[in-house]
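Engineer: The residues making up each chain are set out below.
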Amino acid sequence: MDKGKAVMGMGRRWAVDFTDSSTSPSSRDIPDPLGFARASQDQDDSTLSREKKNAEANWKSQKAWEVAQAPAKNLMMMGFMMWMAGSTVHLFSIGITVSALWQPLSALQGVGKVFEPYKDSKVDLLAPKLLFIALNLVGLGLGVWKLNTLGLLPTHASDWVSSLPPAQEVEYSGGGFL
Amino acid sequence: MAIRAFLLFLILLVSSYTTFALYEDQVGLMDWHQQYIGKVKKAVFQTQKAGRKRVVVSTEENVIAALDLRHGEIFWRQVLGVNDVIDEIDIALGKYVVTLSSGGSILRAWNLPDGQMVWESFLLGSNPSRSLLLTPANFGADKDNVILVYGNGYLHAVSNIDGDILWKKDLAQKGIDVHHLVHPEESGMLYALGVGDRFQFEAYVISVGNGELLKHSSMEFPGGFSGDLSLSTSDKAVALDSSGSILVTISFVGGEIKFQEVHISDLLQGFSGVAVLLPSKLAGMVAVKINRSLLFVKVKDEGTLEVVDTVPHVEAVSDSLSFAEGQTAFGLIQQDGGKIHLTVKSSDDWKTHFLKESIEVDQQRGLVHKVYINNYIRTDRTYGFRALIVMEDHSLLLLQQGAVVWYREDGLASIIDVTTSELPVEKAGVSVAKVEHSLFEWLKGHLLKLKATLMLATPDDVAVVQRMRLQSAEKSKMTRDHNGFRKLLIVLTRAGKLFALHTGDGRIVWSRLLNAFRKSGTCESPRGLKLHQWQVPHHHALDENPSVLVVGTCGHNSDAPGILSFVDAYRGEELNYLAPVHSITQVIPMPFTDSTEQRLHLIIDAEGYGHLYPRTLEAVGIFQKELGNIYWYSVDVNNNRLKGHVVKKNCKPEIADGYCFESSDLWSVIFPSDSEKVIATSTRKLSEVVHTQAKVVAEDVLYKYISKNVLFLATVTPKAIGDIGSVIPEDSWLFVYLVDTITGRVLHRMSHHGCQGPVHAVFSENWVVYHYFNLRAHRYEMSVVEIYDQSRADNKDVLKLVLGKHNLSAPVSSYSRPEVMTKSQSYFFTHTVKTIAVTSTAKGITSKQLLIGTIGDQVLALDKRFLDPRRTLNPTQAEKEEGIIPLTDSLPIMPQAYVTHALKVEGLKSIITIPAKLESTTLVFAHGVDLFFTRLAPSKTYDSLTEDFNYALLLLTIVALVIAIFVTWIWSERKELQEKWR
Chain X
14 MDKGKAVMGM
24 GRRWAVDFTD
34 SSTSPSSRDI
44 PDPLGFARAS
54 QDQDDSTLSR
64 EKKNAEANWK
74 SQKAWEVAQA
84 PAKNLMMMGF
94 MMWMAGSTVH
104 LFSIGITVSA
114 LWQPLSALQG
124 VGKVFEPYKD
134 SKVDLLAPKL
144 LFIALNLVGL
154 GLGVWKLNTL
164 GLLPTHASDW
174 VSSLPPAQEV
184 EYSGGGFL
Chain V
2 MAIRAFLLFL
12 ILLVSSYTTF
22 ALYEDQVGLM
32 DWHQQYIGKV
42 KKAVFQTQKA
52 GRKRVVVSTE
62 ENVIAALDLR
72 HGEIFWRQVL
82 GVNDVIDEID
92 IALGKYVVTL
102 SSGGSILRAW
112 NLPDGQMVWE
122 SFLLGSNPSR
132 SLLLTPANFG
142 ADKDNVILVY
152 GNGYLHAVSN
162 IDGDILWKKD
172 LAQKGIDVHH
182 LVHPEESGML
192 YALGVGDRFQ
202 FEAYVISVGN
212 GELLKHSSME
222 FPGGFSGDLS
232 LSTSDKAVAL
242 DSSGSILVTI
252 SFVGGEIKFQ
262 EVHISDLLQG
272 FSGVAVLLPS
282 KLAGMVAVKI
292 NRSLLFVKVK
302 DEGTLEVVDT
312 VPHVEAVSDS
322 LSFAEGQTAF
332 GLIQQDGGKI
342 HLTVKSSDDW
352 KTHFLKESIE
362 VDQQRGLVHK
372 VYINNYIRTD
382 RTYGFRALIV
392 MEDHSLLLLQ
402 QGAVVWYRED
412 GLASIIDVTT
422 SELPVEKAGV
432 SVAKVEHSLF
442 EWLKGHLLKL
452 KATLMLATPD
462 DVAVVQRMRL
472 QSAEKSKMTR
482 DHNGFRKLLI
492 VLTRAGKLFA
502 LHTGDGRIVW
512 SRLLNAFRKS
522 GTCESPRGLK
532 LHQWQVPHHH
542 ALDENPSVLV
552 VGTCGHNSDA
562 PGILSFVDAY
572 RGEELNYLAP
582 VHSITQVIPM
592 PFTDSTEQRL
602 HLIIDAEGYG
612 HLYPRTLEAV
622 GIFQKELGNI
632 YWYSVDVNNN
642 RLKGHVVKKN
652 CKPEIADGYC
662 FESSDLWSVI
672 FPSDSEKVIA
682 TSTRKLSEVV
692 HTQAKVVAED
702 VLYKYISKNV
712 LFLATVTPKA
722 IGDIGSVIPE
732 DSWLFVYLVD
742 TITGRVLHRM
752 SHHGCQGPVH
762 AVFSENWVVY
772 HYFNLRAHRY
782 EMSVVEIYDQ
792 SRADNKDVLK
802 LVLGKHNLSA
812 PVSSYSRPEV
822 MTKSQSYFFT
832 HTVKTIAVTS
842 TAKGITSKQL
852 LIGTIGDQVL
862 ALDKRFLDPR
872 RTLNPTQAEK
882 EEGIIPLTDS
892 LPIMPQAYVT
902 HALKVEGLKS
912 IITIPAKLES
922 TTLVFAHGVD
932 LFFTRLAPSK
942 TYDSLTEDFN
952 YALLLLTIVA
962 LVIAIFVTWI
972 WSERKELQEK
982 WR
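Protein chains in written order, with this note's numbering: chain X, 14 to 191; chain V, 2 to 983.
By construction, these hints were calculated from the structure, which means they are not laboratory data. Quick caveat: nothing in here was measured; it's all calculated off a predicted structure. In this text, a Cβ means the ideal position worked out from N, Cα and C, and glycines have one as well. Don't take every hint at face value.
Some but not every residue of chain X turned toward chain V, in silico, with C-beta under 10 Å [as the list claims (entries may be wrong)]:
hint	residue
1	168
2	171
3	179
4	180
5	181
6	186
7	189
8	191
Going by beta-carbon spacing under 7 Å, a handful of chain X positions derived as facing chain V [unchecked claim]:
hint	residue
9	169
10	182
11	184
12	185
Assemble the whole structure, with the sequences as input and the hints as a guide.
Structural biologist: Structure, rendered in structure tokens:
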């Protein structure tokens with residue numbers, strides 16, 4: 014998703030919009046010259062810009078979908094890495110698991126940012142966003158699952174009682190040989 | 002939670018690779034070993050013609066040792082068994098040390114230069130009698146040298162070359178008690194003098210060559226004899242009559258007995274009371290003790306007695322010593338305050354003093370008990386004398402030329418009990434004796450170490466490093482340290498002396514002969530019993546010094562009056578003592594302290610009344626609140642009964658004061674006397690800390706039954722009480738019990754058929770490990786019993802546990818009768834065991850090790866993991882991960898697991914473990930005749946860097962890295978600049 018964003022940014026570092034979309038009343042006050050049919054030109058202009066806009070929206074939504082699907086590829090790689098890491102606790106498996114947990118989390122935090130470049134009134138970003146979130150959640154789930162297989166999740170009773178101090182005794186007794 | 006689980010896992014992981022062994026250069030870094038011999042009973046000097054001047058001693062701890070006369074060091078030492086009491090010791094042929102032990106039945110010869118045993122003879126006999134040893138200097142023309150031994154009613158002549166018995170003669174049948182063997186010089190005859198039936202003086206004349214009885218004569222003395230015969234010359238003996246007022250001179254030349262009586266009142270004007278004949282052998286004289294003075298009486302040739310002198314306040318008299326030109330001398334010790342007056346007198350001429358000296362001796366050594374003298378030739382060809390003295394605190398001193406040349410603290414060979422005390426906190430005001438290092442020295446040391454690690458050091462450097470490590474000032478400081486390694490070990494010895502030893506290097510910080518434990522009119526034979534921590538200040542009472550409570554008794558009966566003494570642990574001052582008080586049978590430290598952090602102690606007397614200490618109203622107030630919850634039990638071996646009592650209410654005012662409490666009997670467990678006999682018990686240590694009540698088993702959890710009120714008790718069939726092998730396996734049963742001491746409920750009972758004691762057991766957390774002999778397998782076995790609480794087993798709902806909706810931490814009562822489950826397993830074990838202990842750590846997280854005191858006087862560390870009842874032949878993958886070892890029939894003994902490495906703690910009696918502040922580490926103190934102290938980390942030191950961690954290397958690396966960072970940064974800046982200008 015970072016890549017997508019970067020490409021977008023690179024391609025359009027700056028842009029000047031020459032289409033006059035001004036509908037300010039000041040220009041409206043001046044009557045049109047004779048023979049000038051505003052409506053047709055208006056139409057012409059608008060069709061042109063609409064097309065352009067449509068293309069851009071399409072492109073944006075396409076890109077948004079692409080970005081939304083990006084975690085899926087990541088997921089595959091993560092899965093492979095995890096499989097490689099095995100189920101014993103050591104530096105490598107810990108590192109993999111932590112990154113597997115951290116990546117989706119940071120991605121989820123920055124959902125808004127990731128999809129900002131594709132923000133458009135015509136583009137419905139909800140669906141890609143949801144997909145993005147869902148895929149990241151799957152990634153997170155994968156991480157948690159890995160954590161569990163490593164035995165680092167407190168899901169057993171033993172995790173909760175292992176540090177429980179012994180109960181106090183009411184009675185006290187001492188003694189020995191006579 | 003996850004982190005904790007992870008950490009635990011890490012600990013497990015680390016512990017699974019535990020190694021115990023030390024490298025050679027680590028010996029002495031954190032351990033120390035001290036050798037002692039015990040209170041000297043007999044001493045024989047060997048100074049003639051010997052390159053190294055030495056004295057050979059036998060002691061009450063059954064040690065034979067040759068000591069260097071110059072420095073008091075041990076040349077060699079042999080420690081005999083506990084039952085092999087040394088009776089007599091002598092030097093034969095100038096090259097053998099001959100010892101007679103075990104009531105006159107074992108005669109051994111040891112090589113004088115190195116202490117190797119040369120020969121050993123077993124002298125059999127039937128009637129126990131006194132044992133006498135006579136090693137005549139020479140038999141004139143006789144070539145074969147003979148040692149004459151009287152023991153068990155038999156007279157033996159033993160060749161001193163090879164220990165062969167040349168002849169033996171039964172004297173027991175005649176029913177006499179032989180007191181002396183006399184061998185007049187240059188004759189082939191031997192006199193055996195004794196008393197038969199209290200009135201008969203008997204003399205046997207026996208041929209030394211073949212043991213033939215040449216003559217037997219006896220004569221009745223109507224007054225009767227009391228005490229020993231004293232031999233003044235080789236043909237006359239002196240005895241006291243049964244009233245203790247008449248001295249009898251007995252002449253027995255050639256077997257002709259003649260009596261000559263003298264009333265002591267005739268010798269000494271105004272004599273009254275009872276006289277005692279001293280056993281010292283003084284040439285031509287006898288010493289009679291009357292009240293506190295000593296009467297020296299000369300025995301004249303015709304048998305008449307003549308008083309030579311009366312000397313007041315004599316503490317000890319030596320035997321007479323004959324030296325050149327037929328002179329004889331003896332030593333006499335008088336004492337006042339801290340001064341010892343040594344007088345060496347001639348036996349022939351009373352007026353002659355060979356020596357008269359006054360020597361200042363530490364008052365804490367008490368009175369002189371024994372003195373042995375020896376002569377040497379001064380440079381000006383005159384005779385000088387040295388005296389070896391044994392003090393009341395069992396220490397050994399050599400006096401020569403008016404000074405104490407050396408001393409040995411041999412009281413430490415007989416430690417009764419041990420406790421510990423923290424050292425003072427380091428403060429600005431507290432002077433810490435010049436042990437601080439300058440930073441420069443510290444750095445220099447580390448640089449040297451660095452050189453050593455990088456293999457650049459010269460041998461000299463290596464030696465310096467090694468010395469630095471061994472004498473690290475850090476470990477012998479007199480203040481508390483972070484890790485809690487530095488402590489005071491407070492030990493009570495049999496002599497009634499209290500020592501404080503520093504754990505860093507084992508030096509004596511202070512010592513005190515307790516006034517309460519000295520012999521007095523009200524207390525005839527004082528004896529220490531126990532040592533308890535009385536006041537352990539922390540929090541609000543930090544300014545006060547900690548103190549210990551010393552408990553003792555005045556006699557050997559259970560109803561003898563007791564002694565209580567309170568001693569400051571820093572200065573060693575006796576703060577207070579109560580003696581004699583009520584009798585003492587049990588001392589029960591309570592889990593409560595008062596506002597000055599004094600621990601409440603309940604002392605049970607012989608009548609079963611409890612006495613509360615400290616005697617303050619506050620303590621009574623605290624105690625009253627808990628009344629009804631305080632129980633005590635007693636194991637009555639004679640009646641084969643275990644009884645439980647509850648402390649109920651104050652005693653009736655007519656019996657005692659307000660600090661006395663009555664208790665009533667609650668329950669009793671009576672063992673059938675025809676099938677069971679109690680031989681051992683064990684309980685948990687009061688100070689033991691348990692980290693958790695749960696034991697995680699794969700995915701599951703087991704709840705330990707953790708109660709301080711459980712007693713382990715072992716019984717055997719009465720037939721099997723004796724030694725191993727005295728009973729056939731079919732007749733021998735061993736029963737073990739786990740008994741709740743509050744309710745008397747038997748939690749677990751198990752029987753081992755064909756097994757026998759002695760049983761050594763150790764109880765910790767929820768498990769007991771015990772050691773016994775299996776008669777069928779002809780091997781020792783060790784068993785483990787673990788006890789789990791079933792009533793808690795259904796606490797397995799994670800959600801409930803997360804929300805805290807469980808009653809696992811609610812206070813429990815023994816009356817709730819929880820269901821218990823036990824698991825047990827047995828294994829063969831190679832060693833005979835003297836004692837077992839278990840490591841203890843500050844928080845109880847670290848895994849445990851058993852410390853086994855073997856018959857070879859070494860301490861073996863054995864992981865508790867080997868004694869896990871969950872071991873199976875083929876553990877599953879999960880169990881393997883958990884660290885369960887596949888089951889084997891015997892416990893492995895790894896040579897590296899000896900805590901004492903190459904050393905021996907001779908006469909090992911007990912092993913004490915003390916938790917350090919550092920969770921991974923436990924301090925171990927083993928004592929017997931020797932002392933040994935070390936530090937153990939059962940799961941390795943996972944919470945600290947090792948001692949030899951190289952800080953200099955770390956520092957160097959950090960500095961190098963920082964420099965590298967700067968350099969590369971400058972480089973990169975420069976490069977970037979160049980790029981930009983391009």
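Engineer: Should the hint that residue 168 of chain X touches chain V count as held when the rule is a Cβ pair under 10 Å?
Structural biologist: holds (7 Å)
Engineer: Is the interface hint satisfied for residue 179 of chain X? The criterion is a beta-carbon contact with chain V at less than 10 Å.
Structural biologist: It holds, given that the least Cβ distance between residue 179 of chain X and chain V is near 4 Å, below 10 Å.
Engineer: For the restraint on residue 189 of chain X, tell me whether the closest CB of chain V is nearer than 10 Å.
Structural biologist: holds (6 Å)
Engineer: Please check whether residue 181 of chain X passes as an interface residue: C-beta within 10 Å of a C-beta belonging to chain V.
Structural biologist: Holds, because the Cβ-Cβ distance from residue 181 of chain X to chain V comes to roughly 4 Å (cut-off 10 Å).
Engineer: Using 7 Å as the Cβ threshold, decide whether residue 185 of chain X counts as touching chain V.
Structural biologist: holds (5 Å)
Engineer: Is the hint on residue 191 of chain X kept, meaning its closest Cβ partner in chain V is under 10 Å away?
Structural biologist: At about 5 Å, which falls below the 10 Å cut-off, the nearest Cβ of chain V leaves the hint on residue 191 of chain X intact, so it holds.
Engineer: With a cut-off of 7 Å, does the beta carbon of residue 182 of chain X approach a beta carbon of chain V closely enough for the hint to hold?
Structural biologist: holds (6 Å)
Engineer: Is the shortest C-beta separation between residue 186 of chain X and chain V less than 10 Å?
Structural biologist: holds (4 Å)
Engineer: Does the nearest C-beta of chain V fall within a distance shorter than 10 Å of the C-beta of residue 171 of chain X?
Structural biologist: Check passed: Cβ of residue 171 of chain X comes within 4 Å of chain V, closer than 10 Å.
Engineer: Minimum Cβ distance from residue 180 of chain X to chain V below 10 Å?
Structural biologist: Constraint on residue 180 of chain X satisfied, holds at 5 Å.
Engineer: Does the closest beta carbon of chain V sit nearer than 7 Å to the beta carbon of residue 169 of chain X?
Structural biologist: holds (6 Å)
Engineer: Answer holds if the nearest beta-carbon of chain V is closer than 7 Å to that of residue 184 of chain X; otherwise answer violated.
Structural biologist: holds (5 Å)
Going through the hint list in order, the structure satisfies each hint without exception.
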